[in-house]
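All chains should be modelled from the sequences, with the hints used to inform the complete structure.
Each chain, letter by letter, is given below.
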Amino acid sequence: MLSSSVRLARRSFATVVDTAGLKVAAIDTNQPTVAITILAKAGPRYQSKPGVAHALKNFAFKSTADRSALGTVRESELYGGVLSSTLSREHLALTAEFLRGDEEYFVDVLASVIASTEFHRHEFEELVLPTIQGEVNALHADPAAHALELAHALAFRNGLGASLFAAPHTPITAEDVAQFAAQAFSKGNFAVLGTGISQSALSSLVADALAVESPSEAPKPTTTASSYFGGETRVETHGTPQTIFIGFGAAGAPAPELAALAAYLDPNPSVKWARSASPMLQAEKTSVQAVYLPYSDAALVGLLIQGPTAAAVREAGKAAVAALKGTSGVKAEELKSAVAKAKFRLASSADGRAGVVEVLGSKVLTGSSETSLEASLSALDKVTSAGFTKAATSLVKSKPTYVALGDTQSLPYADELGL
Amino acid sequence: MAGPLGLSLAPYIRSSPTLTKLFTPVAKWYAGGSLYRQYGLLYDDLLIEERPEVQKALSRLTPRQAYDRAFRIKRASHADVLHEPLPRELWTKPEQDIRYLLPHVEAVVEEIKEREKWDTLEVKRKW
Chain X
1 MLSSSVRLAR RSFATVVDTA GLKVAAIDTN QPTVAITILA KAGPRYQSKP
51 GVAHALKNFA FKSTADRSAL GTVRESELYG GVLSSTLSRE HLALTAEFLR
101 GDEEYFVDVL ASVIASTEFH RHEFEELVLP TIQGEVNALH ADPAAHALEL
151 AHALAFRNGL GASLFAAPHT PITAEDVAQF AAQAFSKGNF AVLGTGISQS
201 ALSSLVADAL AVESPSEAPK PTTTASSYFG GETRVETHGT PQTIFIGFGA
251 AGAPAPELAA LAAYLDPNPS VKWARSASPM LQAEKTSVQA VYLPYSDAAL
301 VGLLIQGPTA AAVREAGKAA VAALKGTSGV KAEELKSAVA KAKFRLASSA
351 DGRAGVVEVL GSKVLTGSSE TSLEASLSAL DKVTSAGFTK AATSLVKSKP
401 TYVALGDTQS LPYADELGL
Chain E
1001 MAGPLGLSLA PYIRSSPTLT KLFTPVAKWY AGGSLYRQYG LLYDDLLIEE
1051 RPEVQKALSR LTPRQAYDRA FRIKRASHAD VLHEPLPREL WTKPEQDIRY
1101 LLPHVEAVVE EIKEREKWDT LEVKRKW
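Protein sequence lines correspond, in order, to chains X and E.
So for the first sequence, my numbering puts the first residue at 1; every next one is plus one.
So for the second sequence, my numbering puts the first residue at 1001; every next one is plus one.
No lab work stands behind these hints: they were computed from the structure.
Just so we're clear, the structure is a prediction, and the values are computed from it rather than from any experiment.
Please note: incorrect hints may appear among the correct ones.
[Said to hold, decoys possible] Across the chosen pairs, the derived CB separations fall in these ranges:
| # | chain 1 | residue 1 | chain 2 | residue 2 | range |
| --- | --- | --- | --- | --- | --- |
| 1 | X | G134 | E | Q1065 | 26 to 32 Å |
| 2 | E | Y1067 | X | P32 | 23 to 29 Å |
| 3 | E | R1075 | X | P168 | 35 to 41 Å |
| 4 | E | G1006 | X | P171 | 36 to 42 Å |
| 5 | E | S1059 | X | N137 | 34 to 40 Å |
| 6 | X | A65 | E | T1018 | 32 to 38 Å |
| 7 | X | V212 | E | T1018 | 37 to 43 Å |
| 8 | E | L1121 | X | P32 | 25 to 31 Å |
| 9 | X | S198 | E | T1018 | 55 to 61 Å |
| 10 | E | S1059 | X | G134 | 53 to 59 Å |
| 11 | E | K1124 | X | S276 | 56 to 62 Å |
| 12 | E | Y1067 | X | N158 | 33 to 39 Å |
| 13 | E | P1052 | X | V235 | 40 to 46 Å |
| 14 | E | K1113 | X | N137 | 32 to 38 Å |
Heads up, the beta-carbon is just placed ideally off N, CA and C, and yes, glycines get one too.
Structure (structure tokens):
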């Protein structure tokens, strides 16, 4: 017990140094490489125009006052580093991963990206728009991701409902992106997170770099509190698996009961190649994923069902609705194993480097004093049978979010599944 | 001295205040005497465009700039067919004759140079 708590403690940002409105946090577990992430509250939730967050994500590491886009790439290649940008609904993360010893150069790259990217019109048209187009095409070839995009739009409408992707022929311009970037990387709207580097080293490097490249003073991007709506949509697609998503959402800080509920609903066996007894997985080649997406002030829980034929998906969908509505009779040992599963998922998601930033980064950014995993894990331990039943019944009382993607002629409607 | 736009003494002349002072009136007189202004063209319409650098630069014009350029060239070609300059009110005024394409060409040339530099870089270890 002792050893496990020690290991968990190391997976947390022990101290968050707040120097002049800038939050810097680091963990060093003696790994051979270092990763530094700039995490900004600049997801599509905060965007001023549709798709501008996606454009800003793809505009990362282009020409800055210090070096051109080509220079950034080639110089980073010489150091053997990897530069990447990732977008979630709430956050934009710019990450540099590299060998120990090259901290100074990569901190300088990140600082110049956030402070002095030049947002040339020709770079937007020649480098950014094609990648946007490619990512939109990839989304349309991935029915699971597409269904979740549509589900968010139905569930939360604005704010969290805003798509992670720009429209294929987006009207945004390089100036729009520049304006949004000034807001996104304004003082106090981003945090610097490091893994494999000591807190003091990272703080001093970042302070030095940002003294030269000072971030903008533009007002921070704003958003409204999320509320849950729900609804139904059907999109005709060809050549992809038949896909339906059945989900429910809840506004407010995500309750640990919902994580336990998602783990409880997951029909997949924990042993590889084992056959599940769940009625959801009886049809051949049908896959069911439990979806649990927590955000700062809302959560989406549901089941994503994919299968080769509409008939198989319909059967699995009926079983899924029965499972979602039948959570009141949960047995004590079933709840116990669901809680254990949820705890394991949370802990293992924070195991990798990207997971640490994803799980704990938002806590650093909101200035929460609790930046370790332990609070979330102990909250899951406190889930009781009564609390679980209450959370589950109030969740399914709300209007369902239902998305059907594929052969819309034969895929079931929400009411046909008993929603 | 020799760029993608051909030989030019202009950078050398511009680097010396005396020469600049001496040559500016001459340059203005020469440009005013060139017929391209009488045909409603800008100087950058005359850049030789059958070169990759200039083609790339042309692709970076705004839609409005590209349209105006095509219009000027068409109008000048028509006037040329008629063997007569445009009416005087359509002549390009000296203050309208801005280098709208040159900055793009120079940026493209810089990019090509930078790519060559990175492609032929010799990496030396510091330790």
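A quick look at each hint next to the structure:
no. : hint                         : in the structure
1   : X:G134 - E:Q1065: 26 to 32 Å : holds, 28 Å
2   : E:Y1067 - X:P32: 23 to 29 Å  : violated, 56 Å
3   : E:R1075 - X:P168: 35 to 41 Å : holds, 37 Å
4   : E:G1006 - X:P171: 36 to 42 Å : holds, 40 Å
5   : E:S1059 - X:N137: 34 to 40 Å : violated, 23 Å
6   : X:A65 - E:T1018: 32 to 38 Å  : holds, 34 Å
7   : X:V212 - E:T1018: 37 to 43 Å : holds, 39 Å
8   : E:L1121 - X:P32: 25 to 31 Å  : holds, 26 Å
9   : X:S198 - E:T1018: 55 to 61 Å : holds, 59 Å
10  : E:S1059 - X:G134: 53 to 59 Å : violated, 20 Å
11  : E:K1124 - X:S276: 56 to 62 Å : holds, 59 Å
12  : E:Y1067 - X:N158: 33 to 39 Å : holds, 37 Å
13  : E:P1052 - X:V235: 40 to 46 Å : holds, 43 Å
14  : E:K1113 - X:N137: 32 to 38 Å : holds, 34 Å
Checked against the numbered hints given earlier, this structure breaks hints 2, 5 and 10; the rest are met.
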